[in-house]
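Peer 1: Listed below are the residues making up each chain.
Number of protein chains: 4
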Amino acid sequence: MANSKYEYVRFFEQPDNLLPNTWIVVRIDGRSFTKFAKKYNFGKPNDRRALDLMNESAKSVMKELPDIVVAYGVSDEYSFVFHKSCTLFERRKSKLVSTIVSTFSAYYIHHWLSFFPSSPLEPPLPTFDGRAVVYPSLQNLRDYMSWRQVDCHVNNLYNTTFWALIKKGGLDNEDAERELAGTLAKDKNEILFSRFGINYNNEPEIFRKGSVVFRSYPTPTPPPKSTAESLTPSSLLA
Amino acid sequence: MANSKYEYVRFFEQPDNLLPNTWIVVRIDGRSFTKFAKKYNFGKPNDRRALDLMNESAKSVMKELPDIVVAYGVSDEYSFVFHKSCTLFERRKSKLVSTIVSTFSAYYIHHWLSFFPSSPLEPPLPTFDGRAVVYPSLQNLRDYMSWRQVDCHVNNLYNTTFWALIKKGGLDNEDAERELAGTLAKDKNEILFSRFGINYNNEPEIFRKGSVVFRSYPTPTPPPKSTAESLTPSSLLA
Amino acid sequence: MANSKYEYVRFFEQPDNLLPNTWIVVRIDGRSFTKFAKKYNFGKPNDRRALDLMNESAKSVMKELPDIVVAYGVSDEYSFVFHKSCTLFERRKSKLVSTIVSTFSAYYIHHWLSFFPSSPLEPPLPTFDGRAVVYPSLQNLRDYMSWRQVDCHVNNLYNTTFWALIKKGGLDNEDAERELAGTLAKDKNEILFSRFGINYNNEPEIFRKGSVVFRSYPTPTPPPKSTAESLTPSSLLA
Amino acid sequence: MANSKYEYVRFFEQPDNLLPNTWIVVRIDGRSFTKFAKKYNFGKPNDRRALDLMNESAKSVMKELPDIVVAYGVSDEYSFVFHKSCTLFERRKSKLVSTIVSTFSAYYIHHWLSFFPSSPLEPPLPTFDGRAVVYPSLQNLRDYMSWRQVDCHVNNLYNTTFWALIKKGGLDNEDAERELAGTLAKDKNEILFSRFGINYNNEPEIFRKGSVVFRSYPTPTPPPKSTAESLTPSSLLA
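Protein chains in written order, with the working numbering: chain S, 17 to 254; chain E, 17 to 254; chain H, 17 to 254; chain F, 17 to 254.
Each hint should be verified, as a subset may be incorrect.
For identical chains, the list gives no copy identity; a pair is met inside one copy or between any two copies.
To be verified - Computed list of lysine-lysine pairs in DSSO-like fashion (alpha-carbon distance at most 27 Å, straight line):
| # | residue 1 | residue 2 |
| --- | --- | --- |
| 1 | 184 | 75 |
| 2 | 100 | 21 |
| 3 | 60 | 100 |
| 4 | 21 | 79 |
| 5 | 184 | 100 |
| 6 | 183 | 55 |
| 7 | 75 | 55 |
| 8 | 202 | 21 |
| 9 | 54 | 79 |
| 10 | 54 | 204 |
| 11 | 100 | 183 |
| 12 | 75 | 204 |
For the record, the hints were derived by calculation from the structure and aren't laboratory data.
Isolated chain S (complex conformation):
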C-alpha cells in the first residue's frame, strides 16, 4: 500500500529529548481546582480526603513508573523527580509529561470513590496539566523542592489564618482579606494564637509541609521489588 505519499508529514515532528545528565522534574497542577473544590465541598483551608487522594494517585504513578525517584505534593500539585541518569522514553519531554499526567489523572478518577464515597464524579471531570523542567545540579533540584515547600508554607499559613477569621472570627471574605493585607508571617501567627488560641506549629504537618512519596529499599535481606510510600517530611528546606 502506497503510504509513502503521505508519510512525509512525519518530518514535521520535532525531537524534544531533554538534556542528558540533568534532573528531570515533571510538575502537574489541577486545572480549575478552585471551582472543582467548591463543587465537591472540599473542606477549608485543607481537605484531608483530597490530599489523601492526591497522595494515593501519586503512589500509583510511582508504582507504574519505577524510574521516578521521589515525588513531592502540596495542594493540587505534585512534582515527580527522575534521576539525572534516567533514560526512560529516551528522555522525550512530551512522552514523559503526557505519561505522568495521564497516569495520575486515571488513578485520580479511579480512586475518587474510595475517598469521596458519597459524591460520585459528574462532568466536567477533574483534570491536570503538566510540564517538565530540567535541573543541572543537585543543589538546583534541592532549591526547586524548597521553592515548592516554601510556597506550601506561605499559602497554608495565609489560608489557615484567612479561614480562622471567617469561620471563628465571623468575618466575611472581603474583611478577612483586608485584615491580612500586608501582614508578615509573625503577624498571622499572632492573629491565630491571640484571637483563636491556635498554635500554628501544632497544625498537622501534612498541611504545613506537604507530602513526599519515596521508595523504601529494605537493606538487610535481598531487595524485593521496591514499594512506594508517602509521608510528610520534617523538612525539605535546604
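Using the hints, position chains E, H and F against chain S.
Peer 2: Frame of chain S; chains E, H and F shown alone:
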C-alpha cells in the same frame, strides 16, 4: 516571606510556545494497549465497545476544549486538531498536550463502565501518551489526516484477514502470519472473499475508515452553543 | 583507538532543524555599529559607502549560497530569505545562521578597502550577530519585509530631519531631539520643506526604502548560472 | 507611524536561551577547508602558518569576548567555553554562536596577510560554521575537551604516517591508504620509526595535541586587564 532565595529555579523553565499561524495536531496513543486489550478480552479484529468508548471520550474532550475544530480516531489513538489561529494557553506545547491527555484519560476511566459494565477496571489502568506537531499549510494537515487513515486501512485489512484465517480458517497465529507475508491488498481481499465469503467493502465503515468528531453549527437560526458529534467519514483521503 | 570513552558527549548536542514548509529568514545586525560608525567617520544621516559595502557583502553571500532567494538590507542589518522548500543543511538553524553570518563578515572585511580606501580597519573589527525566524505563509513573509521597510522609513525620516536641524539649523543634539519629540511624519516633512527646502520624497531611494538583492533569471535563452544584483525597490509594502 | 500592522511578525521569533548553570561550548569549523587548503597550498600534514592564524584569530575572539574562559583548537576547528554562570546575551544561543563565528571570521580575514603575505585572499573566502552545546557538569566538559583532543591525536598520527609514506616513501595516495587500512596506533608508530626514522613523540606538540588559549591572571600585584595567550597543553586528557 523570603521566597526569593529559591525562586531563581523558575529560570530553568524553557518556553515551548508553538509557532503561530500553523495547524496544531495533538495525537494521543494508548500505552501497552495490546496487553490491556487482552486483559479485558477485546474482540478481534475490532471491538466495537472499545471504539465507542474512545469516541465518547474524544467527544468529552471536545466539549471541554472548544478550541478543537476536529478530531480523528482509529484503534487506540486519537488526533485533535486546533485551528492555525488558535491561541489557547498561548500555544504552549506542554500545556496543550497534557491537558488533552489528562482530559481524555479521565473520561476514558469515567465512561468505562458504561461500555464494559461487567468488567470493572483494575490496576494497572489504561493510560495514554501524547505529542503535538504543527503543520504550516492546510495541505500538510490534510496529508496528516490521510496518513492516519491510510494507516487505519492497512492495519484493518491485515487484521481482518488475519483473524478470519484463525477464527474461520482454523490456522494458528504463526500459520496466519506466514500466509499473509508479502501479500498485497488485492490478495487479502481475494482471501477474504474466496475462502470466507467476506466482501471487505461491506465491513463496517467505523472499522475500515476510523471515526471523526466534528462540530455541528446549525445555520438557519442564531447559533447556540456548539455540540460535538462523532461519525465515520466516507473518506478523508485527499 | 578508544575514542568511545569520550564520544558520549555527542549526545548533548540537541537538534535544531527548522520546521519544514516554512519561509526561513536569517537577519544579521551590526554589533555596536553606532560606535563603529563614529570611529570611521560615517556620513550622517546616511553613508553611501557603508551602504554600498553592505550591499556588496550581501551579494557575495548570495553568490556563495544559491539557496537564498532574496535579501533586503537597511542600515547595518540584512535579511536573507530561503524558500520554504529549502533543504540546505537539513534546515539546521545554527548551521544556517552561522554560515550566513560568517560569510557576510568575511566579505565585509575583505571588501572594506574598496569602499574606504583611506581608512584601513583596526581592531576591534566590525562584526555581526544573526538569528533565524520561520514564517508559515507568504503573507507572513511579506509582512516581515514590510515591517523592516517601515522601520527603515521611520528611522530615515527621523534621522534626515534630525541631522538637517543640526547641520543646517545649527541646533545641538539635545535641542534637535526636543524639537522632534512627539512629531508625526507630516510634521517632519514640513520641517524639512519649510525650514530647509528639502522635499523628503526627492531623497535617494536607497536611503528611504532600503536595498533588495534578487536573482536575475534571463528567460529567452537557456538559463546560465544565476547572478545576484542589488537594487532599491520602488516599494516592498503590501 | 502605524508600524503595528506588521509588528505581529515579531511573535514568530522563538526564544533560544540556553539552560542556566551549564557550561556552554561554541565550536566553529572551517567550511570546505580541504578545498581551501589546496587552493592556498597549505603544507601537509600540517601547516604551521595556518594553525598560527587560527590561534591568532581565537585570541582576538577572546579579547573581544571576556566571558570566554578557555578555548581549544585543532586543525580548522576551535571550541570556545563559557563558564556555567555566564549570562552574556541572556545565554541566547543564536546570539552567542553568531557573534563568535562573526568575530572569528572577521579576524581570520584581517590577519590572513600577516601569515600568508604572498597569497592575498580571493573569493570564495574562508568561512566557518558554528554550534553551541551545553554540558551540565565539569566532568562532561572535560570529556568534551578530551573527545576533541583524542580526535586531534588520531587524525594527526594518521596524517603524519600517510604523508610520510607519500613524501618519503614514494607511495601514491591509494597505496598509502591501503597500507594504513586496519592499522593500530602502534603500527603507525612502527611504520614512522622503522621506515622513516621518525619518533612520533618528537613531533611538535602543537600538531599532536592542539592549542589552548587561556587567560593569564597575574597574582602578586593588583590584577590588570586580562590578556589572552595560546599554548600547547601537555595534555587535556582526563
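Peer 1: Compare the structure with each hint and give your call.
Peer 2: Consistency of the hints with the structure:
For a Cα distance limit of 27 Å, the shortest separation of residue 184 from residue 75 qualifies neither inside one copy, at 35 Å, nor across copies, at 45 Å. Within a single copy, residue 100 and residue 21 get their C-alpha atoms only as close as 40 Å, which misses the 27 Å cut-off; across copies the closest is 19 Å, which meets it. Taking the closest pair of Cα atoms, residue 60 and residue 100 never come within 27 Å of each other, the shortest separation being 38 Å inside a single copy and 42 Å across copies. Taking the closest pair of Cα atoms, residue 21 and residue 79 never come within 27 Å of each other, the shortest separation being 42 Å inside a single copy and 33 Å across copies.
Proximity of residue 184 and residue 100 under a CA criterion of 27 Å is satisfied in neither setting, with 48 Å inside one chain copy and 52 Å between copies. In this assembly of identical chains, residue 183 and residue 55 lie within 27 Å of each other by CA distance solely inside one copy; the values are 19 Å within and 50 Å between copies. In the homo-oligomer, the alpha carbons of residue 75 and residue 55 lie at most 27 Å apart both inside one protomer (25 Å) and across protomers (23 Å), since each shortest distance falls under that limit. For the homomeric pair residue 202 and residue 21, the shortest alpha-carbon distance between copies (19 Å) is at most 27 Å, but the shortest distance inside one copy (69 Å) is not.
For the homomeric pair residue 54 and residue 79, the shortest alpha-carbon distance between copies (21 Å) is at most 27 Å, but the shortest distance inside one copy (31 Å) is not. In this assembly of identical chains, residue 54 and residue 204 lie within 27 Å of each other by CA distance solely inside one copy; the values are 25 Å within and 57 Å between copies. Taking identical chains as interchangeable, the C-alpha atoms of residue 100 and residue 183 are never at most 27 Å apart, the minima being 46 Å within one chain and 49 Å between chains. Taking the closest pair of Cα atoms, residue 75 and residue 204 never come within 27 Å of each other, the shortest separation being 34 Å inside a single copy and 47 Å across copies.
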